[in-house]
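2 protein chains.
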Amino acid sequence: MAPRAVVLLSGGLDSATCMYLAREHGFEVEAISFNYQQRHSVELTAAQRLAATCGANHTIIDVNLRAIGASALTSDIAVPKGGTHLQGEAVIPSTYVPVRNLVFLSLAYALAEAKDCSAIFTGVNAIDYSGYPDCRPDFIASFAQTAALASKSGREGRAPEILTPLIAMTKSDIATEALRLAVPIHLTWSCYDPQTAGDMLKPCEQCDACLLRAQGFAALALQLSKEVIFGSPVKVA
Amino acid sequence: MAPRAVVLLSGGLDSATCMYLAREHGFEVEAISFNYQQRHSVELTAAQRLAATCGANHTIIDVNLRAIGASALTSDIAVPKGGTHLQGEAVIPSTYVPVRNLVFLSLAYALAEAKDCSAIFTGVNAIDYSGYPDCRPDFIASFAQTAALASKSGREGRAPEILTPLIAMTKSDIATEALRLAVPIHLTWSCYDPQTAGDMLKPCEQCDACLLRAQGFAALALQLSKEVIFGSPVKVA
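As they're listed, the protein sequences go chains A and B. Okay, so the first sequence: first residue is 0 according to numbering that gives the first Met the number 0, each after it adds one. Okay, so the second sequence: first residue is 0 according to numbering that gives the first Met the number 0, each after it adds one.
Hints in this document: simulated from the structure, not taken from any laboratory. Honestly, I wouldn't trust all of these hints.
[To be verified] Covered stretches of chain B, as calculated for chain A (at least 3 residues, CB under 8 angstroms):
| no. | stretch |
| --- | --- |
| 1 | 53-63 |
| 2 | 97-110 |
[What the hints assert, rightly or not] Which residues of chain A face chain B? A partial, calculated answer using Cβ under 8 angstroms:
| no. | residue |
| --- | --- |
| 3 | Val62 |
| 4 | Pro97 |
| 5 | Ser141 |
| 6 | Ala146 |
[Said to hold, decoys possible] Computed far set for chain A versus chain B, every beta-carbon distance over 10 angstroms:
| no. | residue |
| --- | --- |
| 7 | His24 |
| 8 | Gln37 |
| 9 | Arg48 |
| 10 | Gly54 |
| 11 | Arg157 |
| 12 | Thr169 |
| 13 | Thr175 |
| 14 | Leu178 |
| 15 | Leu221 |
| 16 | Lys225 |
Glycine included, every Cβ here is placed at the ideal spot set by N, Cα and C.
Generate the whole structure from the sequences, applying the supplied hints.
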């Protein structure tokens, strides 16, 4: 039987690439996504479509981070535009959701334990990213220790491994990997601030997530469609 | 302004005692509870009543652990009866919910960050407990490090402290504290397996949680009502 891995699938370019990498490494994929009452919940539609293209099981967990708030992604605070990610890790932007990856990795670990998975893949990235503290290698290493102590599997010496294959890649490295792996890139969704156009939602092309993604593809100097560069418009649910 | 603390409030004897201890230490209490689709969701009613008696703000977070399953508390697996907790920490019982405290502490940390709290109180206990790995001191210490790395507050040197005042107490120590602090003990709910009696739910008096609680009060050799020993019946919602 193939080994199994939980993959955190946000529906964005990075997590989709991570899922296809897990499959290339021979894992049967248990994808997990989170309905955290995020402003850009269209990413869950993207995640469902992507999981299906990869033949993965897909679990969506409801976890209401809007009840906590304090982020532009889970409250009515405006999403920053025009390149705040260029300030580097000295400034944590208002799109930071308090310890979001700690919550999400904890839930992924729970699923890994319940489904007897030997690995957890997460597409966190510490190079071309938005300065979030919970995307950095020291956090991931510390989390692995803590989760092993928290769990039956860890106390019994069978803790799933936490793999971060994208952590040291640039956005253009990730774009290159996505093309190599034939990820259906046009189905991925990155935008933090979807814009309504008739009965469609389309990427804003101006938030940090849109700009980082576009810069990653621009660096490849290829002729690519707008659907690859920013993601395709999606029908309003 | 009084310092503020998040208190994890399950509605049980331990967490209620912990909340009253936090108040005694001068903290304004932000109570947090979790609707995780648990079998014994009556505990949320208890938590609401207890928070009100303490004048605490109360946030209930929906997080669907039933979508993960693999526990007698979040699936149709039978709740064990008759003292499996007496086996000690060598055996982790079927009421173990995969890394539940890791998930709950992560969400509590998020709330502490959003509400500018300087402390988080949790009533975990490593003496008279059911063998859960995520109730032990090594886990708590490791969690504090990981959460500080995951968070804006931690990276900025303002990580809330994680306090576990009950961790080394016996159940009778906790019962003694609850009586000293005038916790409304009869309003707490401990049972894992509520029994229906007409339009009321009442404690089963046989699961590990009921037996541990009763033993704690029995050790005090006081004349106590059944409502104190096991908790009061609650009207079905």
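Verification of the supplied hints:
no. : hint   : in the structure
1   : 53-63  : holds (count 6)
2   : 97-110 : holds (count 11)
3   : Val62  : 4 angstroms, holds
4   : Pro97  : 4 angstroms, holds
5   : Ser141 : 4 angstroms, holds
6   : Ala146 : 6 angstroms, holds
7   : His24  : 24 angstroms, holds
8   : Gln37  : 14 angstroms, holds
9   : Arg48  : 20 angstroms, holds
10  : Gly54  : 20 angstroms, holds
11  : Arg157 : 13 angstroms, holds
12  : Thr169 : 23 angstroms, holds
13  : Thr175 : 29 angstroms, holds
14  : Leu178 : 32 angstroms, holds
15  : Leu221 : 36 angstroms, holds
16  : Lys225 : 34 angstroms, holds
Of the numbered hints stated above, none is contradicted by the structure.
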